[in-house]
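Kindly produce the complete structure, drawing on both the sequences and the hints.
Residue numbers (this note's numbering), protein chains in the order written: chain V, 590 to 1033; chain Y, 590 to 1033.
Some hints could be false.
Sample of chain V residues with no beta-carbon within 10 Å of chain Y, all distances over it, derived [stated by the list, open to error]:
no.	residue
1	P596
2	K601
3	N677
4	G805
5	G823
6	D836
7	T842
8	D891
9	G934
10	G946
11	K964
12	I982
Quick look at which bits of chain Y chain V covers, simulated, 3 or more residues with Cβ under 8 Å [claimed, not checked]:
no.	stretch
13	592-602
14	648-659
15	664-677
Since the hints were derived computationally from the structure, they do not count as laboratory data. Virtual Cβ for every residue (Gly too), placed ideally from N, Cα, C.
Residue-level listing of the chains:
2 protein chains.
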Amino acid sequence: MNPNIPPRNNRKRVVIVGAGFGGLQLARRLADRRQFQVVLLNKTNYHEFQPLYYQVATSGLEASSILFPLRSVFSNCKNVHIRLTTVNKISTTTKTVETDLGPIDYDYLVIATGADTNYFGMQNIIERALPMKSVSEAIALRNRLLQNFEDALSVTNDDEKQSLMNIVVVGGGPTGVELCGTLAELKRTVLPRDYPELDFTMMEIYLIEGGAELLGPMSVESQQKSQKYLEELGVHLIFNTHVVDFDGTTVYTKEGTTLRTNNLIWAAGVRANPVNGLPPEVIGRGGRVKVNRFNQVEGFTDVFAIGDVALMTEEKWPNGHPQVAQPAIQQGKHLGTNLLRIEKGQPMQEYKYKDLGSMATIGRGLAVVDLPFWKFQGFFAWLVWLFVHLMSIVGVKNRLVIFINWMWSYLTYDQSLRLIIKPKLPKGNLEAIKTKIEDQLVTK
Amino acid sequence: MNPNIPPRNNRKRVVIVGAGFGGLQLARRLADRRQFQVVLLNKTNYHEFQPLYYQVATSGLEASSILFPLRSVFSNCKNVHIRLTTVNKISTTTKTVETDLGPIDYDYLVIATGADTNYFGMQNIIERALPMKSVSEAIALRNRLLQNFEDALSVTNDDEKQSLMNIVVVGGGPTGVELCGTLAELKRTVLPRDYPELDFTMMEIYLIEGGAELLGPMSVESQQKSQKYLEELGVHLIFNTHVVDFDGTTVYTKEGTTLRTNNLIWAAGVRANPVNGLPPEVIGRGGRVKVNRFNQVEGFTDVFAIGDVALMTEEKWPNGHPQVAQPAIQQGKHLGTNLLRIEKGQPMQEYKYKDLGSMATIGRGLAVVDLPFWKFQGFFAWLVWLFVHLMSIVGVKNRLVIFINWMWSYLTYDQSLRLIIKPKLPKGNLEAIKTKIEDQLVTK
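Spelled out as structure tokens, the structure:
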């Protein structure tokens, strides 16, 4: 195995680790710039539009609609080299990235590895809770939720049945709120039609939040409205409560309450994915990599970090920027411009976060939107949410298919992708079919 | 675990095993008929449109476009009970079906279990070849083919590289022909754009057929035209040749030729999936269950078989009907009518296969169509193929999405679903994550 990256030929090689919002923007910025050779390393062959995972998990959108093949994005670029691999370690002394395919030298290294679910080290929760920080996890969640109702048909004990149907979501951020809203609507519309043999008054949806309000960083109006919307949809909101354990059927909290469910969905926070090989002193809060206003990792001029994994402080953002799409997109573009400036012998420019506002959708015709100078909620907010997300999706065809799906669901009250699709394997003990399992599954 | 089927209340219970073309038609025919209680048993929660697997395998269509959730089909039917389970055995003496959920009694049993890949007992081929008789297998094939090109980027040995890129398809029926045509077009259009670092003149596509022509049961004109089309697309056709072994990199034939490839796609034939518990004397050629013209299994009045698994002979069809969609659909409808007739005290009517013709598409604007009184090939045939398949798909939204995908590919020469999506699992040895593996995978 050899990464087989072609020679640089007097160009500077920029190695970008991760093709999320930040890495993709940067690579696009540098595509077809003859000063640079770009090596884009990613674990999958697609870019994921993370804000819509919850719609994949709830059968509203097909996974492919929120994914875009990386090779399509760069199909006409001669200077971008995509490799699907895992970065195990970087060495800043030899200026090398160690990957599963072998070592790759860099002139500039950009860490754009994003963030993953934060379980706060609770082993039982790592093993049993359902995360939603990748499209694979969103599909697994969809499969599991649908399978639960099938299983509920064949149990006779009412406690077991309720445990299969109940859902506990931890974390009152946009992911938790949007997921609970959608689940509550499925409970009212699609599920009773699909499972007339089940009694859906038994099914309860709980949202547990450690703080005292939903959507922490948003405006008080949006927080209160989203709370009102969710309560009207029948979601039980539990504030100031911290989940500490889960045995597969019971959720335990620090505050002493317990809830019965087979389904604990974990959306309680994220932790950055820094790469191995950085000096420990550059790793800050939440595993993020400390960078200056040029996105340079502290102490380096040729190693950068952008997006969720980067910890840049501004006066207005003493704890770093929010770990959402906008800072990543902006920093990716900004760093691209700065790298071009360096090569032209011009000084780099400081990055400044331009807060475009935030929004969350709660249900059918219900959303909350905080723009810098205007806050509004309700149906118009929902239309704005739809429009902004549709326009952010990569690919005209994806947009068209998502638009059809959304209109369809809106008109028919139907989520049509209620499919439990799993890879199929030949019978045999696990060791015997090991290579086939590895062919079908990604292990983290 | 208990199947929990509600009591019959003086209705006759029809247990249908399998929700393919035949089983689905029958269940639809009996839906909302108060004389019957219908129990539909299937391994997955969706109906699969098998004729388009090859488009899923070649990134042309998303899996969800050719699947339809069973619970959507019957969402307003009170008398249809769907259970996702495997039938292990039937007992005709106690009139019981043994399932993974427990036993289910029947008044009428309908075996509609279809057919699966026939490897003719060759163990190395079972373990290493790529089948395409389920949507899961089609997705696995897509993942594997795309991963091969990624792997080809990182090998340095030219033989290994070619072995990854070469594809050998076995079986010159519609599946093999349609797959080879699509692969040949990908090789010419999409793949060189996606992988400018690879030399696609190295990649060869072989189609191996045991007989002397392609599309065995079709007209000579269609056979010759499809051969011409494939040859023009650059597919190597090898006739009168039988693959007997495959070690993972070399394909061996009975005739002595060998071919180097990592990718042996097996479309060489099917074998029926009869259920356990039938008397051995009713199992005929290819594992099919011998039935009379009422689809009654030989020696029974209350056990039926329809579709691919059924072996019914007519004067014109001494070896049984072709194992394709039409006989299954027709027999499903016909049996529904006959069951209604029995309950009305009327005599059953004999089934007679109405051959509507057959068709196959070879590539962009190229298809062959044999109608009973008209045979034609080329662009118009391709339009007819598109129209017939689009109209056969279950679900208006699926039709719309497929139509967009087809138009998109046609206009842009692009197959936009080039995604390698795999379930993600926590790290750990296989035994430790066994339950998570089982949650994610189906083992046959």
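Verification of the supplied hints:
1. P596: Check passes; 13 Å lies beyond 10 Å.
2. K601: holds, 20 Å
3. N677: Correct as stated: the minimum Cβ-Cβ distance to chain Y is 13 Å, above 10 Å.
4. G805: holds, 28 Å
5. G823: holds, 21 Å
6. D836: holds, 14 Å
7. T842: holds, 24 Å
8. D891: holds, 25 Å
9. G934: holds, 31 Å
10. G946: holds, 31 Å
11. K964: holds, 35 Å
12. I982: V/I982 clear of chain Y: closest Cβ-Cβ about 13 Å, beyond 10 Å.
13. 592-602: n = 3 at 8 Å, threshold three: holds.
14. 648-659: Coverage by chain V holds here, the residue count being 5 at a Cβ distance below 8 Å.
15. 664-677: Holds, because 6 residues of the stretch 664-677 of chain Y bring their Cβ atoms closer than 8 Å to Cβ atoms of chain V.
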